[in-house]
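*Asks:* Next come the chains, spelled out residue by residue.
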Amino acid sequence: MSAVLEVRGIAKLFGGLAALSGLDLHVEEGEIVSVIGPNGAGKTTLFNSITGLYAPDEGNILFEGRSIVGLKPSQITKLGISRTFQTVHLFSNMSVLENVMVGQHCRGRAGFVASVLRLPAQRREEQRIRERASHSLGFFGARLSGYRQDQPAFVLSYANRRRLEIARALATEPKLLLLDEPTAGMNPKETQELTDQIWRLRKELGLTVLLIEHDMRVVKGVSDRVVALDYGKKIAEGTYEDVAHNEQVVEAYLGKKAVG
Amino acid sequence: MSAGLTARRVARLGMLGGMGVIYLALVGMVQTFDGVRLVGDQVTLGRVLLILPPLSAAYVLARPRIVAGEAVKPDGRAALVGGAIIGVTGGALVGLSIVVANGLPERFAAQKIFTSVTPALISVVTFDRAIAPGIGMLVVLATVAGAAGAGLAVLGWKIRRPLITGLLVVLLLSMLQNVFRVMIGQLGLDTAWLYSVRLGGLTYIGAILTFAVPAGISAFWANEGITLRQRLSGATREGQRQVRLLAVAAVGLLLAVLPFLLGSFLSAVLGRVGLFLLMGLGLNIVVGYAGLLDLGYVAFFAVGAYAMGVLTAAANSGSSIHVGMGFFEAVPIVVLLAAVTGLLIGAPVLRLRGDYLAIVTLGFGEIARVLVTSDALKSFLGGAQGLIAIPAPSFTIGGLNVDFRDPQPFYYLVLVFCVLAGFVSYRLANSRIGRAWVAMREDEQVSEVMGVSTVRYKLLAFATGAAVGSVSGALFAVQIGSLAPTSFNILISIQALAIIILGGMGSIPGVVVGALVLVGIPGFLTEFETYQLLIYGAVLIGIMLYRPEGLIPNVRRTRELKEEDRLQDAWSKGAPDAEPATISWEEAPG
Chain F
1 MSAVLEVRGI AKLFGGLAAL SGLDLHVEEG EIVSVIGPNG AGKTTLFNSI TGLYAPDEGN
61 ILFEGRSIVG LKPSQITKLG ISRTFQTVHL FSNMSVLENV MVGQHCRGRA GFVASVLRLP
121 AQRREEQRIR ERASHSLGFF GARLSGYRQD QPAFVLSYAN RRRLEIARAL ATEPKLLLLD
181 EPTAGMNPKE TQELTDQIWR LRKELGLTVL LIEHDMRVVK GVSDRVVALD YGKKIAEGTY
241 EDVAHNEQVV EAYLGKKAVG
Chain R
1 MSAGLTARRV ARLGMLGGMG VIYLALVGMV QTFDGVRLVG DQVTLGRVLL ILPPLSAAYV
61 LARPRIVAGE AVKPDGRAAL VGGAIIGVTG GALVGLSIVV ANGLPERFAA QKIFTSVTPA
121 LISVVTFDRA IAPGIGMLVV LATVAGAAGA GLAVLGWKIR RPLITGLLVV LLLSMLQNVF
181 RVMIGQLGLD TAWLYSVRLG GLTYIGAILT FAVPAGISAF WANEGITLRQ RLSGATREGQ
241 RQVRLLAVAA VGLLLAVLPF LLGSFLSAVL GRVGLFLLMG LGLNIVVGYA GLLDLGYVAF
301 FAVGAYAMGV LTAAANSGSS IHVGMGFFEA VPIVVLLAAV TGLLIGAPVL RLRGDYLAIV
361 TLGFGEIARV LVTSDALKSF LGGAQGLIAI PAPSFTIGGL NVDFRDPQPF YYLVLVFCVL
421 AGFVSYRLAN SRIGRAWVAM REDEQVSEVM GVSTVRYKLL AFATGAAVGS VSGALFAVQI
481 GSLAPTSFNI LISIQALAII ILGGMGSIPG VVVGALVLVG IPGFLTEFET YQLLIYGAVL
541 IGIMLYRPEG LIPNVRRTRE LKEEDRLQDA WSKGAPDAEP ATISWEEAPG
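Protein chains in written order, with this note's numbering: chain F, 1 to 260; chain R, 1 to 590.
It is worth saying that the hints were derived from the structure and are not from the lab.
Glycine included, every Cβ here is placed at the ideal spot set by N, Cα and C.
Any given hint could turn out to be false.
[Unchecked claim] The calculated label-pair distances, taken between Cβ atoms and stated as ranges, are:
(1) F:Val-113 with R:Ile-321: 27 to 35 Å
(2) R:Val-213 with F:Gly-138: 50 to 58 Å
(3) F:Val-113 with R:Glu-238: 28 to 36 Å
(4) F:Gly-141 with R:Glu-329: 55 to 63 Å
(5) R:Ile-159 with F:Gly-141: 42 to 50 Å
Here chain F stands alone, though its shape is the one from the complex (with noise of 0.2 Å):
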């Protein structure tokens, strides 16, 4: 097995505030890895170091073995890295399908001048940025095809917000797919149904996944290893079972919950 992702002592300071120090995380190929943490751990700073868009003030990621540190997001993108936000952010008025079409942007070539004499490359390759938009959003099944591919996004209900954001991140065509808390806001039949689709994306599309989640329920049924945070520290790693038992991990985390 090889790293996929490797992140080595990262550091990131805001202002005094040390969001990670000295953190360390790998990510095999083919790996699905849970992050947890309370909040405040540095769980969404580490997101945003890997995507771009922080510069970690030390240490360094290597994505298949390139460090990817002082790269662009969109560069980033374009290597495999995708990912979704802990606070739902899309195009709110562009439509579903346009969504998921920006995601394609990235794979797409067509410039000024293809565009605007639609010449016959230009041409298959909008159709072909079509398909692959529709085929992205076809992994939610009916939740999202349909009449809904025309509809603006901002009038999707709040699951199918966070399902869209994931087909327009797929849509990129990652290798590796953060993803920022997907359950979130999500009712018991809607999280294990995005819980079946975690496992569909390795096994159907051969993807790598790094998710922060606080629900456990969904730690627990995906997770190949679960990696503990607590200011900015890694704290604990290992099986759900044995990250769930770690005596730190309780104290800064579970803890709250068994006593509470």
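Knowing the structure of chain F, use the given hints to seat chain R on it.
*Replies:* Just chain R now, kept in the frame of chain F:
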């Protein structure tokens, strides 16, 4: 009363209506526009302005009000009475002011402040009668207008829309009588039945017909339109294509023959509309598609004009550079130069957004103006004296000399570039590039994370917008033949922006309508020229308040939204698994 028909509100709206009339009179609009005869010699635009404020105030009063989240319609009869009271109040307020203005002793010299208060104005507002009966008539008319305004609001949209459509057509045909009279005359048709030669304005029969026919069509459309539209959208792809081709051909034919119908003077106005349309199309790419608020668009206009001037002018132009190129050879160079300027202006502002971007670009616009005026560049650009002796392209065909500075040939030249710019805009908007722009406008950071290189697409938008704007400048140089640095001021930027705001950001038909309304109407109606900026301001405030998406918003989206209910029904019948819709759309335009 639940729907807000309180005495307080009625009194306040009545006062507002009256003050509206007084304001219009004091700025001189009533008197100026009294010269614009709409129907016969009795209905003038000035007189319409006298009743419009109370009418609008009453309309506002009787509109459904949102009370605790629900729209509550006021009681019809009460609303009519309220509207009439607004009219009486407003009319009385105006009457009182007339008495005061008329009674002021000469030495009080109110005219020194309110220069419009003249005996002529007083005779306009009293309908050329003595003071007392004149005021009486004003109050009666205002009362009727108030009741009518309230009535319009109370009636359902199926009645209101035909009425307003009819009135607007009458207003349009009568205000633009110079245009239509010439056009119909050129077609060899008789205009006497429509436009009265003796009285000016529409004839009474003409007015009734031009009201009734559009109103009837609108009423028919309101009742039968849904079925027609369904049939149209249900038609085959081939059929829709044919309908669209037919429409394009008809518009194309009209545009081609327009200068012959309008004659030289009106063609010149159209040429001016075309210049601003071109600028609007360019700015629409930057602001409408990419969402980058650029207040210094005049910079690109100036680059285009001066580049064209320097490249083509004769030796004695005022610039030390003499190239002496032809217009058509110079156009590609001008466009390229402008695109580079776009990149240069775009690069430093890449990190700025919204307000900050607007302020910085505003600065760039001013820099352009200062540069072309400055002595430092005097030897190249002519400094404060500007450039002269810029030739217009011309050719001779069959012994007929066509000079593109003449209004009619110039119109065709502008038209070609407008069509080209519209075509490029349309194709870009409906491509991968257009999608990247929209995504960037919606959420810059997320689009970057989804793989859109925002730096690249921002620069592309600036460069493309600059190139289109520069063509407008180049054509301006050709039309005028000389360039004065004072022409390149911030008003140009504002006018271009106003056009796309009025028409609808990101909508090409919107830009066309915006240019026609904001440049065409003042051009056709010289009376408007004095009040152009006042009207711009009022129109922009009104649009921002009541229709922020513009007159013709992104058509495709509106259509999608309207079709949605129908599709949803069909879908839920066929697919029981589908979730019910969470949001329904407002039934009809209110």
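*Asks:* Please name the hints from earlier in the document that this structure breaks, with their numbers sorted from lowest to highest.
*Replies:* none
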